[in-house]
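**Student:** Generate coordinates for the entire structure from the input sequences, incorporating the hints supplied.
2 protein chains.
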Amino acid sequence: MVPHLVTALTGPINELEQRILDSMPAIERWFRLEWMEHTPPFYSSSDIRNAGFKLAPVDTNLFPRGWNNLTDDMLPLAVQAAQAAIEKICPEARNLLVIPENHSKNTFYLANVARLVRIFHMAGLNVRVGSIDPAIKSPKKIELPHGESVCLEPVVRSRRRLGLKHFDPCTILLNNDLSAGTPGILEDLHEQYLLPPLHAGWSVRRKSNHLHSYEEVSKRFGKLLGIDPWLINPMHARAGGVDLAEGKGLDVLTSHVDALLTKVRRKYKEYGINEKPFVVVKADNGADPMGVMTVRDVKDLEIFSRRSRGKAPASPGQETPQGPTDLIVQEGVLTNERVNNGVAEPVVYMMDRYVVGGFYRVHAERSPDENLNMAGASFVPLAFSESAHLPQPGAKPGASAPNRFYMYGVIGRLAMVAASYEMEATNPDAETYE
Amino acid sequence: MVPHLVTALTGPINELEQRILDSMPAIERWFRLEWMEHTPPFYSSSDIRNAGFKLAPVDTNLFPRGWNNLTDDMLPLAVQAAQAAIEKICPEARNLLVIPENHSKNTFYLANVARLVRIFHMAGLNVRVGSIDPAIKSPKKIELPHGESVCLEPVVRSRRRLGLKHFDPCTILLNNDLSAGTPGILEDLHEQYLLPPLHAGWSVRRKSNHLHSYEEVSKRFGKLLGIDPWLINPMHARAGGVDLAEGKGLDVLTSHVDALLTKVRRKYKEYGINEKPFVVVKADNGADPMGVMTVRDVKDLEIFSRRSRGKAPASPGQETPQGPTDLIVQEGVLTNERVNNGVAEPVVYMMDRYVVGGFYRVHAERSPDENLNMAGASFVPLAFSESAHLPQPGAKPGASAPNRFYMYGVIGRLAMVAASYEMEATNPDAETYE
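Chains Z and U are the protein sequences, given in the same order.
Per this note's numbering, the very first residue in the first sequence carries number 4; after that it's consecutive.
Per this note's numbering, the very first residue in the second sequence carries number 4; after that it's consecutive.
By construction, these hints were calculated from the structure, which means they are not laboratory data.
Treat the hints with care, since some could be wrong.
[Stated by the list, open to error] Computed far set for chain U versus chain Z, every beta-carbon distance over 10 angstroms:
1) K108
2) P137
3) I139
4) K140
5) K143
6) C154
7) N178
8) S182
9) W205
10) W233
11) R299
12) P327
[Claimed, not checked] Cβ pair distances, simulated, as ranges:
13) Z/D171 / U/T110: 55 to 61 angstroms
14) U/S161 / Z/K91: 33 to 39 angstroms
15) Z/G225 / U/A290: 54 to 60 angstroms
16) U/A428 / Z/K91: 26 to 32 angstroms
17) Z/F111 / U/N344: 45 to 51 angstroms
18) U/S161 / Z/D171: 53 to 59 angstroms
19) U/L36 / Z/D231: 47 to 53 angstroms
20) Z/G229 / U/P137: 37 to 43 angstroms
21) U/H169 / Z/G225: 27 to 33 angstroms
22) Z/H215 / U/K108: 56 to 62 angstroms
Glycine included, C-beta positions come from ideal geometry on N, C-alpha and C.
**Tutor:** So, in structure tokens, the structure goes:
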């Protein structure tokens, strides 16, 4: 079952779909050549928004969760990709340690961990789950729905290695985005592979670096296809050191928002698009408390000056960060897909260089210009029974869900190439040859 | 839908299944290390027979046909494996030329070619089909059932390269086993990848080399698992220069058959197996006219001395080869699987190092000790909707079709490792470092 797509099926995006399908051999070759020079993230997921006239990734996760939202039918692809990934990194691997988030009571999250364990076990590894939560002092087995379970075990650190009691892994897979900072226990591991690397964690990583890399990738890809890179790239700007609680730097933020809205308006005019431009404002360091704020007019920002004067309460999920924060102002991309009448955006899952699955994130109570990654979202897997992510040559643009998903897979992989560039550019251990 | 399995579900084979499942991480690691040292065949398929007490590959095809017998659901795995294969061989690849058999009227075979074209097109290549059949003098489009079609084009040879008019491939994929000899048009290609290599063709390849390599592989694998390699290895002997038409060398053949039947009888006794031993006799060079002859008693060979004296007619599919032929005497392996009451044997398909699918070859009119690869066979795909080739940890031995198929995938891959050794040992261009 592939979700019913109600995207506006005319206009430039279908030209893009047709262009992408026609260029498939050139595109796949381009990716192959990229991966000769760059290392793909071990795994990643990408949130994609399809405005009908524009298609772009809006968030790229290097510690993807939600693997349990993929159908069982997608498992073999994930397993095959995991085998390819392991073979490259450490063919001699026997043991893999998965380090999850410290949400030991969230069974939805733990079902994701169980799925990851299953994928890597099926790829032929001994897999165990090591918690860095100080509350886990002895092995704790947690039963999950559908008869599954996860056993969280306390990690044990020696001078050079991290493991469990009687379990010495050669590779450590982080499913913990380290937004609270890098724990010392993960540092200075000289004889083990730690994936993703520590500088992918949200205490170090910056969205602005990723957006900068993605802009570069979209320009090169646009050249390959002969298209305006704007069709796949959301414009952005960075407003550094804004203290929303104190109202400091609000003028800089406002002028960035104003300038970006003007640029988007100009682009909409160029393409004859009758939509109201908007931008989203979010923290550069991916911090959760602030959330993602949709700004349709500079006046929307006045709430912060009122809040800083104690005249407006913060809404849940959009608390005002304390102290100066670096913010990102990003061109908003509408999502014009609907699944069962709910606003939907596709999420593409990748392992090594391969697209292994995807689903629609659906939120019935949000509008097409709002963030859907909020409590209340549901997930509709892109089922595999129709080979949903392989292109169907000859099908009419817009009419074929498989072709649509091939296009999403291309955009997801562009975000993955950008993440690879980003990780290289921000690697603290990188040697400089200049 | 996974075919109903009626294999005798007790006895040593289930111990083997359990041993294989328990050793999964060690097995996968073993394969990874093998592929560090050796190159897997580009693609291959392996016929496997499951006697209940013994499980072995009986034929390994380096020019696999029948890709159209895999379900559509297996396509994504094949495409992903094809991408991995291309990336290793020629990441810069744009164009792939497929060279099929010269059966331009066999729509079953051409449906296989169409499937291969589809797989490699989806992997991102421009794919065309170049016929070496002298009868194909201009492009010929052949319509197939289900709205598919294949276009056969005449190949064009230049001094160093082979291609089509206005189509210069970097890689040439043979789906033609060259049993009639290597055409000069394929020789001395110095700037193109030709896969599989010419010495994989049946005018050069010898089954005895493969069986010798497989014996070595099964010994090493037996050691890894702590099992008698006989459980996965059919014993064999080679009888050179037998002229069945003239009755020459029949004494050598008879003594080999007798000796092998005795050896099998001894093994059956060791394991308490109440079955009648048999051997199969086939041409070392894979020649079709002779077929595969089941010999249950040395007396069965008398037909050849009667035939050579003109006293017995040859049966269809078992014509007597003219002139001296090298023969293989191989331990017969019963197949005790049934699908819809027909005798069945699993066939495993591999691309690069990955198992990408499989089906049961079923023949209602053959018995469990006879070759099933004959006219009248039908094919029941192992469907993907149940992730049929991934193991299900915890399921009872013998009770789980997915676990059963994981085991078949392991045996298929052992045959693939053996083919890799075989190709190395018989490579005429190999450099010797001794």
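**Student:** For each hint, tell me whether it holds in the structure or not.
**Tutor:** Hints, verified against the model:
1. Look at U/K108: its CB is around 26 angstroms from the nearest CB on chain Z, clear of 10 angstroms, so calling it non-interface holds up.
2. Every beta carbon of chain Z lies more than 10 angstroms from that of U/P137, the smallest distance being close to 30 angstroms; the non-interface claim holds.
3. The non-interface label for U/I139 is consistent with chain Z: the shortest C-beta to C-beta separation is roughly 24 angstroms, beyond 10 angstroms.
4. For U/K140, the shortest C-beta to C-beta distance to chain Z comes to about 28 angstroms, beyond the 10 angstroms cut-off, and the non-interface label holds.
5. The claim that U/K143 is not at the interface with chain Z holds, since no C-beta of that chain comes within 10 angstroms of its own (minimum 21 angstroms).
6. Residue-level check passed: U/C154 sits 14 angstroms from the nearest beta carbon of chain Z, beyond 10 angstroms.
7. Against the 10 angstroms criterion, U/N178 stays outside the reach of chain Z, whose nearest CB is about 20 angstroms from its own CB.
8. With a least beta-carbon separation of about 32 angstroms from chain Z, U/S182 lies farther than 10 angstroms from that chain, consistent with its non-interface assignment.
9. Every beta carbon of chain Z lies more than 10 angstroms from that of U/W205, the smallest distance being close to 30 angstroms; the non-interface claim holds.
10. Separation of U/W233 from chain Z is adequate, the least Cβ-Cβ distance of about 25 angstroms exceeding the 10 angstroms criterion.
11. With a closest Cβ-Cβ approach of about 40 angstroms to chain Z, U/R299 is found to remain outside the 10 angstroms limit, as its non-interface label requires.
12. Residue-level check passed: U/P327 sits 46 angstroms from the nearest beta carbon of chain Z, beyond 10 angstroms.
13. At roughly 57 angstroms, the beta-carbon separation of Z/D171 and U/T110 lies within the given 55 to 61 angstroms, and the hint holds.
14. Separation of U/S161 from Z/K91 is about 37 angstroms and conforms to the stated range, judged on CB atoms against 33 to 39 angstroms.
15. The hint said 54 to 60 angstroms for the Cβ distance between Z/G225 and U/A290, and at roughly 56 angstroms that hint holds.
16. Separation of U/A428 from Z/K91 is about 28 angstroms and conforms to the stated range, judged on CB atoms against 26 to 32 angstroms.
17. Z/F111 and U/N344 have their C-beta atoms about 46 angstroms apart, which keeps the hinted 45 to 51 angstroms range intact.
18. Hint check: U/S161 to Z/D171, Cβ distance near 57 angstroms, so the stated range 53 to 59 angstroms holds.
19. A beta carbon spacing of about 49 angstroms between U/L36 and Z/D231 agrees with the range 47 to 53 angstroms that was offered as a hint.
20. Look at Z/G229 against U/P137: about 42 angstroms separates their beta carbons, and that is inside 37 to 43 angstroms.
21. For U/H169 and Z/G225, the hinted distance range of 27 to 33 angstroms is satisfied, since their beta carbons lie about 28 angstroms from each other.
22. Evaluation of the 56 to 62 angstroms hint for Z/H215 and U/K108 yields a pass: the beta carbon distance comes to about 59 angstroms.
Checked against the numbered hints above, the structure violates none of them.
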